[in-house]
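**Q** For reference, the chains in residue letters:
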Amino acid sequence: MDWMDTGIVLSARAHGESYAIVTLLTEHHGRHAGLIRTSKKTAALLQIGTYVRADWRGRLSEHLGFWTLEPLKITCANLLDRPQALLALSAGCSLIDLVLPDHEAHPLLYRKFLNLLEKLEKPAWQKSYVIFEICMLRELGFGLDLSRCAATGVTDNLMYISPKTGRAVSQEGGKDYAERLLPLPSFIIDLEAEVTPQDFKAGLRLTSYFLERYALEPSNRKMPSARVRLSEGIST
Amino acid sequence: MIGSEINELIQYLAKIPGLGPRSGRRAALHLIKHKDRLLKPLADAMLKVDESIRSCVQCGNLDTQDPCLVCQDPRRDNTIICVVEQVADLWALERTGCFHGRYHILGGTLSAIDGIGPEDLKIQGLIERVHRIQVQEIILALNATVEGQTTAHYIMERLKLAEVKITALAHGVPVGGELDYLDDGTLSTALASRRSFSETS
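Heads up: the sequence lines are chains U and F, in that order. Position one of the first sequence corresponds to residue 1 (the working numbering), numbered consecutively onward. Position one of the second sequence corresponds to residue 237 (the working numbering), numbered consecutively onward.
The following block holds chain F by itself, in its conformation from the complex (with noise of 0.2 angstroms):
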């Protein structure tokens, strides 16, 4: 038998994208036995977290603070935006350590299917801080589904009339990607948008 105070820590333990009953009865039991070093600082971060978290007015970054982090960073390029789709992509960005402009979370994707119209999205947004800020490159670096590109298409559409280059992220073989193991669709892709080698030396 469990007490329901436990109960209740491993259902919704069980919630957390990864988790399933029987990985939230194992966290909740290394939690427990790991009271002092695990359990008490995790609620002590996630009570902070719950308090402070608020998503940030000019990008749409979750941060603590508000503009974040990313957005208060005076050694940012501020002529460059970057358009994602969700905070997971900013921070897959980020983690690469490549980019040093700033970003715009759009939220997600135009999808016919989920009836995701322009208006659910943060496009309006964009376009406003690309004519309000000396704005002079937008990456569109959405993914390479059809639901991606269509919003990237909608976007560079509506940013027509702005004096802006619009650019996309390549489509292409992986690092470490071997030609034999790859789908037909990224091997065509990877094909139709070929380069020129000597660009690249």
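If we strip away everything but chain U, and leave its shape as in the complex, we get (with noise of 0.2 angstroms):
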């Protein structure tokens, strides 16, 4: 077998002296795993988030097979120095690997993670990270429903989110119980709204309770540290 296509890096273990198991996202065959000969020349191109060209070839396709990776753009060159920026790259692609299942393509999720690489180089790139994940969990079945209230069917004045459900509660309609609900911040409603640091902490709050919930809970796993240092890093 033998496909070609573009895809991600989201991790890069040893595997002998001279060869690593390298994961990616790619864009039509999903989170897909193979074995690439290092050298020096490799080490920038194994960085997590650099995107690359693929070609992948294996006997059958359960089989690990060999990449043949060519980079298209060494993403975490430019976000060195800026630690937050760093944060959220690490823990998007922690996340993926974590949660999304092999060999399942999920273009949509491929398309945001592609965009927030791009808008991590830039200074606001906090609403990219928040809708990101709130794709993967739609990615992942678990989609959250912010087209109305839940109680009253109003779509205007959306404030919170049913922990139990993942559907949008108005400000009216969670009155009574504002203290069990989360709070959904504006930006995720109106893409044009501002985004504050208490914001993002909010936004990063509701997906962390929906991802640790119904995608790593289940298995038995725990929240990559780096998405955890990304929400108690945040100063408010």
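Mixed in with the good hints there might be a few duds.
[Claimed, not checked] Across the chosen pairs, the derived CB separations fall in these ranges:
#1 F:K269 x U:A14: 27 to 37 angstroms
#2 U:T152 x F:L405: 53 to 63 angstroms
#3 U:P218 x F:T403: 44 to 54 angstroms
[Stated by the list, open to error] Here are the computed lysine to any residue pairs in the SDA-like style, where the Cα-Cα straight-line distance is at most 25 angstroms:
#4 U:K41 x F:L423
#5 U:K40 x F:W327
#6 U:K73 x U:E27
#7 U:K41 x F:H407
#8 U:K40 x F:P253
[What the hints assert, rightly or not] Chain F stretches covered by chain U per the calculated footprint, using a threshold of three residues with CB under 8 angstroms from any CB of chain U:
#9 345–356
#10 386–395
#11 419–426
These are calculated hints, taken from the structure and not from any lab test. Predicted model, so just to flag it, every value in this text is computed and none were measured. Think of the CB as a built atom: it goes at the ideal place given N, C-alpha and C, for glycine as much as any other residue.
Two chains, each in its own frame: build the complex with the hints.
**A** See the structure below:
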């Protein structure tokens, strides 16, 4: 078998002295691993977040197979001096690597992640990060319903998310049990809205609640440390 | 047919980084051929190292003395600490002969993928060391990788309250490097951290 695709490096683990097992998020083949021969030249290529053109070869699709990778963009090079963006890159890569099933194409998530990598180079990337995690939840089958209030049916003034159903709740509908609901930052609904550090923290809290509850805890896994440090590191 | 003792020697040699079964056999044959000149001195040296090797309580360096020779050297500057990931990095910096301060070896880097957190590294030891002695500068000589720089930022955050200057190694064009052959990442980092040319003269 032989196929070509574009992908993003999610992880690279040394395999012996001269090889590494590299996992990519590819556009048409989803999360896919393969072996690559390492050298000094591949060191930059194997940094997480690197956007590559990938050629996978294996006898059977279930085999580990071999990668031939060509870098299209080494994302991390422009982020090394920016701690929060670097943490977001690590958090995004390790989350996908942890929760996404093998060999299952998620072109929408792929595009959102690629968009996030582009946005990370700019100062305002926080909105893209939360949107990316919401998209990840949707692709995993646990999408949030932000279309209307679960209690009153109204479509405006949505302020909360129900932790039980993942459905939006308006200010009016949630006034009696606001402390039990998760705050819904305005930028998730209104894409033009400014993102304050408080909003970003609320957004991360919202997605981490559902990721932990539906994607991680059922398989006894924990939130990646980079993702934990990302939410802890926001000074509000 | 190879005797079991020689076979055992080959198997151990094959586990050394850079060697495999074939080169293990070659090395074993070479050692046996030069028994007095190589095999016995090597066995003695390995035995001596095994008996005396220890990790320095101050910096984490491997030496036969504790504190290590670097930490014992009175000519070294106590006010500068260079933070590195591994012993190999300390040896690489020592080879340059350019650094005359003290070292601190972390023992790795933070890694979300491998599940290595701050408690797995000697970061707390570094912070205690900074508070204990009069350190003026910390040089973060960590690899220019996502993990290396994430660790550097984490250390910087932890040392924010300590009154100490924190510097990091420059990233850019290596000596003898030709721009045409450099990868895009190195080039863009070099461009981003360009400096005034007049400062160099």
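**Q** Each hint needs a verdict: does it hold in this structure or not?
**A** Now the hints, each set against the structure:
no. : hint                                : verdict
1   : F:K269 x U:A14: 27 to 37 angstroms  : holds, 34 angstroms
2   : U:T152 x F:L405: 53 to 63 angstroms : holds, 58 angstroms
3   : U:P218 x F:T403: 44 to 54 angstroms : holds, 46 angstroms
4   : U:K41 x F:L423                      : holds, 14 angstroms
5   : U:K40 x F:W327                      : holds, 19 angstroms
6   : U:K73 x U:E27                       : holds, 16 angstroms
7   : U:K41 x F:H407                      : holds, 16 angstroms
8   : U:K40 x F:P253                      : holds, 16 angstroms
9   : 345–356                             : holds (count 6)
10  : 386–395                             : holds (count 5)
11  : 419–426                             : holds (count 6)
Consistency with the previously given hints is maintained throughout, with no hint failing.
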